[in-house]
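Undergrad: Chains as they are written, first to last, in the numbering used here: chain A, 1 to 270; chain B, 271 to 534.
These are calculated hints, taken from the structure and not from any lab test. These numbers were taken from a predicted model, which means no experiment stands behind them. Treat the hints with care, as some may be off.
[To be verified] According to the in silico footprint, chain A covers these stretches of chain B (three or more CB under 8 Å from chain A):
#1 459-466
#2 499-508
[To be verified] Restraint-style ranges between C-beta atoms, simulated for each label pair:
#3 A:Gln175 / B:Asp523: 33 to 43 Å
#4 B:Asp523 / A:Ala169: 40 to 50 Å
#5 A:Gly12 / B:Ala433: 37 to 47 Å
#6 B:Ala433 / A:Glu107: 36 to 46 Å
#7 B:Leu528 / A:Gly248: 46 to 56 Å
Built from N, CA and C at the ideal position, the CB exists for glycine as well.
For reference, the chains in residue letters:
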Amino acid sequence: MTENIVVTSGKGGVGKTTTSASIAVGLAKRGKKVAVIDFDVGLRNLDLIMGCERRVVYDFVNVIHNECALKQALIKDKRFENLYVLAASQTRDKDALTQDGVQRVLEELAAEEFDFVICDSPAGIEKGAFLAMYFADRAIVVVNPEVSSVRDSDRILGLLSSKTKRAEAGNGKVQEHLLLTRYNPARVATGDMMSIGDVEEILGIKVVGVIPESEGVLAASNSGVPVILDDTSNAGQAYEDAVARILGDEREMRFTEAPKKGFFQRVFGG
Amino acid sequence: MRATIAAVEPILELKFGQVGIANLRLNVNDAEALREEIAQKVAAAPQLFGRAPVILDLSRLPQLPSAAEAQTFLDAIREAGMLPVGLSYSTTENEALAKELGLPLLAKFRAVYERQNDEGAADIAPPPAPSRPKVVPKAAEEAPVRAPTPAAIAASSLRHGKAVRSGQQVYARGRDLIVNATVGNGAEVIADGSIHIYGRLSGRALAGAQGDAAARIYCMDFQAELVSIAGRYRVFEDLPPELRGKPVQAWLDGEKLLIEALVP
Chain A
1 MTENIVVTSG KGGVGKTTTS ASIAVGLAKR GKKVAVIDFD VGLRNLDLIM GCERRVVYDF
61 VNVIHNECAL KQALIKDKRF ENLYVLAASQ TRDKDALTQD GVQRVLEELA AEEFDFVICD
121 SPAGIEKGAF LAMYFADRAI VVVNPEVSSV RDSDRILGLL SSKTKRAEAG NGKVQEHLLL
181 TRYNPARVAT GDMMSIGDVE EILGIKVVGV IPESEGVLAA SNSGVPVILD DTSNAGQAYE
241 DAVARILGDE REMRFTEAPK KGFFQRVFGG
Chain B
271 MRATIAAVEP ILELKFGQVG IANLRLNVND AEALREEIAQ KVAAAPQLFG RAPVILDLSR
331 LPQLPSAAEA QTFLDAIREA GMLPVGLSYS TTENEALAKE LGLPLLAKFR AVYERQNDEG
391 AADIAPPPAP SRPKVVPKAA EEAPVRAPTP AAIAASSLRH GKAVRSGQQV YARGRDLIVN
451 ATVGNGAEVI ADGSIHIYGR LSGRALAGAQ GDAAARIYCM DFQAELVSIA GRYRVFEDLP
511 PELRGKPVQA WLDGEKLLIE ALVP
C-alpha cells in the first residue's frame, strides 16, 4: 500500500522543500521505498536540496506528457538505493501539469510498490499546489511561528478537507500533521515569536515535530545534503524525531526550550 | 559579319529580379470546383486576378496527385483565367511531378515564408518541435540525417544577445544558433543546426534537434549540465577537469558524442 504524503504550507519560504527532502531521506533510512516529487514546475529546487541537480535528464513534466517512461525520469539517490527523486521541469509552468497525468504517475509508483510518495508542493493555492495535495493520504503542513504563515496554513488545512480526492469521495479525511519550522525558543521566551501552544491553539491540531532554527539547514541546503543527515545539527535530529512520529513512534519533543543560562552567565550576562 | 555583331550584342540577357507572386494552395482534390472558384475570383477582380501568374501548392492535399490529375488542375486554372507557372514545396515526389509536368519547382518560395514565420517564434518560446533528447533518436532513426534543404542553407543563423536564464528556452528552428551571452543553470538552448555560445554554458545545449548528426556545439566556457547532438546526449554530474571552464566543441563521431577542449 503506497501512501501519498503532501508537504504543503500556502506561504512560501517556510521550509517545504527542506522538509520534503529530510522526510524522504528519513523514511528511506528506515528501509522504506520512497519517491519524492517536485511539483514546483518552473521554479524547481528539490533537485538542489537533494544534491542531484546535475543528473536531471527527464523530469515530471516529460513523464506526464508521455515523453519518457517514469523509470527514465526517476533519479536514484546516491546515498539510499530505495530513494528516488522526480525533478520538476524548469522550462515549463504549472499548466504543464494535468490531473490525469499526476494520477497516472502516482498509480505507476504504487504499482512499483513504493511505500511512500512525498509530494513537495509549490507555494500558493494554485494549480501546482492543488495537484500536489489532491491525491494525498496524509499532509504535512509546514508552518513558521508567525501570524502570516499560520493564517496561510489555516487556509491550506481548509483546502485539504475539501479539495482533495479523499474529501470529495468521502472515504476518510486526509490525515493532517503540523510541522513547526524555524522555531527559536529564545525568542518565544521573550515573546517575539509565537509558541507551539499558540500555533496549536489557532490551527486546532497538534504538531508532529518542531524544527529549531538552525545554521545547519542553510549549510545543508547549499551542499545538497538534506539536513536530516547532519547528526550534529539540532534541526537534523528534530527531523529524525518527526519521521519517527509520522511512522507512529512516541517521542519527547526536543529543542523547544531556550537553553538555560548558567549561574555565571546570569550574573555577568552573556 | 554576323559573328561580329553577335560578339557586340549578345542574343539574350539574363537578369534576375524579385517579383511578388500568388501561391494557390489547393485544399480539395476537385478540378471542377477549382475552376468555378477561380472563375468567380477572376470575375470579381479581373484587374487583380486576370492572367495572374500563380504557383500551385499541392501540399495540403491528402496525397500528392498523379501527373494526369495535376494536369487537370493546371488546365482548370488556365481555363478559369489565371496562369499557373510552377509548383511550390520541395519534396522528392513533388520534384518528380514538377519534372513530368515541365514546370519549375519553387522551393525558395517556401523558404521566404518560413523565415517570416520564424521571426516571431524565434524568441524565448517553447519549441513546438520535440526538444527532449528522447524523442529525437526516433526521428533520427526514421529519417537518418535529413539532408539540409536549400531553404535550411539559405536561412541565416539566429543570434541571441541576451543571457539565457534559468527556465528560459531559445530555439533556432531550421538553422544555427549563436548566443553572445551566458546560458545559465536550468536554461536550454536548442537548434536544428549547430550552437555557438560566446560565453559560459552552464545549462543545456541541444544541437541537431531534428536529427542532423553533423551539427556541433561550441562554447567559450564549458560548465554544461547536458549536451546533446541529434538525440545522443551526455549529462555532466561532475565536469571533467580538463573541460571545466575551457572553450570546447562537441560533435558526433558515429554513435559517440565527443567533447574536446579547443586548443588555440
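Undergrad: Looking only at beta-carbon atoms, does the pair A:Gly12, B:Ala433 fall within the given range of 37 to 47 Å?
TA: Violated, since A:Gly12 and B:Ala433 (Cβ atoms, about 25 Å apart) do not stay within the stated range.
Undergrad: Under a C-beta cut-off of less than 8 Å, do 3 or more residues of the region 499-508 of chain B approach chain A closely enough to confirm the stated coverage?
TA: holds (count 5)
Undergrad: Quick check: the region 459-466 of chain B, covered by chain A? Criterion 3+ residues, Cβ under 8 Å.
TA: violated (count 0)
Undergrad: Given a hinted range of 40 to 50 Å, is it respected by the beta-carbon distance of B:Asp523 and A:Ala169?
TA: At 56 Å between Cβs, range violated.
Undergrad: Does the Cβ-Cβ separation between B:Ala433 and A:Glu107 fall within 36 to 46 Å?
TA: holds, 40 Å
Undergrad: Does the beta carbon distance between A:Gln175 and B:Asp523 stay inside 33 to 43 Å, or does it fall outside?
TA: Between A:Gln175 and B:Asp523, where Cβ atoms are some 56 Å apart, the hint is violated.
Undergrad: Within 46 to 56 Å or not, the Cβ separation of B:Leu528 and A:Gly248?
TA: Distance hint for B:Leu528, A:Gly248 holds at roughly 54 Å.
Taken one by one, the earlier hints fail for this structure at numbers 1, 3, 4, 5, listed in ascending order.
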